[in-house]
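Residue numbers (our numbering), protein chains in the order written: chain Z, 1 to 305; chain X, 1 to 355.
Be aware that one or more of the hints could be misleading.
Here are the in silico distance ranges between beta carbons for each label pair [said to hold, decoys possible]:
{"no.": "1", "chain 1": "X", "residue 1": "50", "chain 2": "Z", "residue 2": "232", "range": "32 to 40 Å"}
{"no.": "2", "chain 1": "X", "residue 1": "224", "chain 2": "Z", "residue 2": "184", "range": "21 to 29 Å"}
{"no.": "3", "chain 1": "X", "residue 1": "26", "chain 2": "Z", "residue 2": "229", "range": "18 to 26 Å"}
{"no.": "4", "chain 1": "X", "residue 1": "46", "chain 2": "Z", "residue 2": "10", "range": "54 to 62 Å"}
{"no.": "5", "chain 1": "X", "residue 1": "228", "chain 2": "Z", "residue 2": "197", "range": "28 to 36 Å"}
{"no.": "6", "chain 1": "Z", "residue 1": "296", "chain 2": "X", "residue 2": "51", "range": "52 to 60 Å"}
{"no.": "7", "chain 1": "Z", "residue 1": "177", "chain 2": "X", "residue 2": "211", "range": "43 to 51 Å"}
{"no.": "8", "chain 1": "Z", "residue 1": "185", "chain 2": "X", "residue 2": "214", "range": "30 to 38 Å"}
No lab work stands behind these hints, which were simulated from the structure alone.
Source: prediction; values computed, not measured.
Glycine included, each C-beta is placed from N, C-alpha and C at the ideal position.
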Amino acid sequence: MLEFIKIILTPEFLFSVIRVMTPILFAALACMVFIKGGIDPIGIEGIMLLASMAGPVGGYYTNSVIGGILAAILISLLASLLFGYVTLKLKSIEILAGIALNTLASGLTIFIIYYVAGNKGSTQSLTSKVAPIIELKIIKNIPYIGKILSGHNILTYLGIILVFVLYYILYRTPLGLRIRSVGENSAAAESVGINVLKYKYITLIMAGTIAGLGGAYMSMGYVSFFSRGMIAGRGFIGMAAEAMGRGNPYGIFLSSALFGIADSLATQLQMLDFPSQLIQTIPYIITILGISIYSYRHKKVRKVI
Amino acid sequence: MKKIKDFIKDIETLRTLVALSVSFLIVFILIIIISDSPTKALFDFIIGPFTSIRRFGNVIEGSLPLIFTGLSVILLQRTGHYNLAMEGAFFIGAVVATAAALIFKGPPLIILLVSMLSAMLIGAIITGIPAVLKVKTDANVLVTSLMLNHICLYVGMFIIITYFQDPKMNSNYSYMFPDGVNIPTIFGVTRINYGMIIALITVFIVWFLLNKTSFGYKLTIVGKNQNFAKYSGINVNRLIIESALIGGAIAGLGGAVDLFGMYNRFQYSGLTNYGWDGILIAIVARHKPHFVPFAALFLSYLRTGANILSRTSDIPSEMISIIQAIVIVLISAQAILSKYRQKLVVEKTLSGEVI
């Protein structure tokens with residue numbers, strides 16, 4: 001047990017928590033924007049998968065990091081807008097359209113890398129760059145904390161900055177107010193002259209971009225290549241983190257961190273010969289409990305009203 | 001003289017056909033663009049599955065798990081909730097069936113029965129959890145069921161690796177099942193087995209349940225209008241849980257049937273995706289149990305064709321997912337043909353033919 005606590009308190013462990021939580025944070029923030037705008041976020045898994053494929057492929061063809069990230073954002077924007085077209089214009093059921101998007105992404109990514117990289121497994125044969133690592137100048141030299149906070153991928157810092165930026169946009173600007181009013185009650189929003197369709201598409205663009213960054217991080221930071229199915233449920237976990245963070249950017253940051261801790265713990269405990277599979281279930285169990293407790297309270301409040 | 005209801009039914013059929021044709025067209029164009037010898041590729045894809053008994057057998061045996069998950073999805077979504085735990089229920093059903101088959105001693109037939117019943121039980125528990133949480137705490141079914149799928153995967157792998165892994169095998173394979181603990185094949189050359197009989201019986205039971213009992217009737221009312229159901233005295237919460245339990249039991253049974261019919265030891269390396277496929281099956285079958293076997297055969301036929309194609313050409317079989325996605329979206333697209341439907345209904349009403 002002592003050994004266990006020692007491991008948790010090492011800066012290396014806390015560093016890995018931040019590294020592991022980054023894709024979940026992006027996913028959860030994208031889900032948050034989707035839900036605020038009244039759009040079901042289940043397609044996030046597929047959008048991120050497409051982006052994680054486009055990153056190394058774009059990076060390979062343009063021979064630059066920016067090219068890769070732009071390709072990732074571009075493809076996730078396309079996917080997000082396609083989802084919008086299908087649900088808003090063709091009036092498909094959102095959840096089914098999202099599931100269709102995930103299905104499409106799982107096949108299409110393999111299809112594309114097969115022609116680009118020559119095998120169905122990964123893009124390891126392509127030389128693509130990863131997003132740069134940033135050393136924070138002053139913080140770096142603080143003992144202990146410097147080792148935890150400095151030296152992360154630039155996309156990790158971007159994700160953390162996004163928490164504050166999104167809070168500002170959603171709660172402190174007219175744009176955010178309109179997005180939220182469309183999401184909360186589109187009929188009421190329309191009655192006061194808000195162009196609902198326009199704000200739905202703005203929501204899709206914002207959330208698509210964030211999801212694209214999350215996907216790009218997976219293949220251009222977390223590791224340096226794309227491999228099939230590499231999002232592995234992180235989009236869904238993002239949905240859960242959003243629900244557990246109660247749709248608030250700061251809450252979402254904390255619940256993403258919880259997933260990061262649980263995931264890093266699983267890796268550490270594996271080394272100590274604990275049954276890793278059981279440890280890996282912890283974040284999911286916590287999520288189910290968290291959502292249930294939160295919803296139960298919410299339900300009681302509504303009953304009183 | 002046809003009623004308006006029948007016209008709407010016809011439109012639904014038409015929409016399904018349009019969706020299937022459009023998706024096929026897109027894939028044909030894709031094949032023609034990519035392939036060096038498009039005619040041969042198209043032949044392999046469309047006619048390929050019928051060119052040998054073995055290949056045709058693949059189509060039929062591949063449809064087996066899809067029938068179970070398709071039926072499961074029909075029940076799970078009947079009340080209008082998106083409970084996606086059938087994926088986990090199918091997987092954990094196979095795990096528990098493995099455990100039961102390796103623990104219990106006795107006549108093979110009894111072991112098979114016990115294994116299948118335990119798979120059904122665990123499947124029901126798994127899909128029941130999100131439903132109970134929905135009813136008791138109002139937790140989002142979609143999120144809790146997705147989380148449960150991950151839990152099923154890890155716990156299932158833990159059980160297999162810790163207690164039943166065959167040390168002689170490199171992968172996470174379990175020990176072989178005892179002699180006779182399998183579902184025998186019907187035709188020697190193929191792997192078509194008596195699981196098909198179990199599947200068809202299940203189809204009949206679900207059809208009967210939904211169309212000929214008050215339970216099924218109430219379920220349909222809840223799915224169409226929950227408030228109306230509530231005010232007419234139907235216990236909505238109880239129905240949500242009951243339909244989830246039955247749906248999960250079917251998914252769990254599907255896992256066991258797939259396991260004993262196709263393999264002689266547990267050898268899944270992860271979630272099978274059959275649960276997600278079930279969503280497509282349910283949509284193509286328009287949520288009618290008696291259409292499920294045909295929808296399952298259809299998807300299995302596409303998969304077999306694509307597999308043949310990927311062996312004879314350089315087109316990866318994953319292109320099937322493109323068809324799947326287009327079919328799901330277009331069939332569920334309410335706007336397609338809606339003007340046509342409106343026009344038909346108006347015309348028929350004005351002409352006074354129907355009321």
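Each hint, compared with the structure:
1. The hinted window of 32 to 40 Å between residue 50/X and residue 232/Z holds, with their beta carbons roughly 37 Å apart.
2. A hinted range of 21 to 29 Å holds for the C-beta pair residue 224/X and residue 184/Z, which are about 26 Å apart.
3. The given range of 18 to 26 Å is respected by residue 26/X and residue 229/Z, whose C-beta atoms sit roughly 23 Å from each other.
4. Judged by the Cβ atoms, the range 54 to 62 Å given for residue 46/X and residue 10/Z holds: they are separated by roughly 60 Å.
5. Range check, residue 228/X to residue 197/Z: about 31 Å between beta-carbon atoms, so the 28 to 36 Å window is met.
6. The given range of 52 to 60 Å is respected by residue 296/Z and residue 51/X, whose C-beta atoms sit roughly 58 Å from each other.
7. At roughly 49 Å, the beta carbons of residue 177/Z and residue 211/X sit within the given window of 43 to 51 Å.
8. The hinted window of 30 to 38 Å between residue 185/Z and residue 214/X holds, with their beta carbons roughly 37 Å apart.
Violated hints: none; the structure is consistent with every hint.
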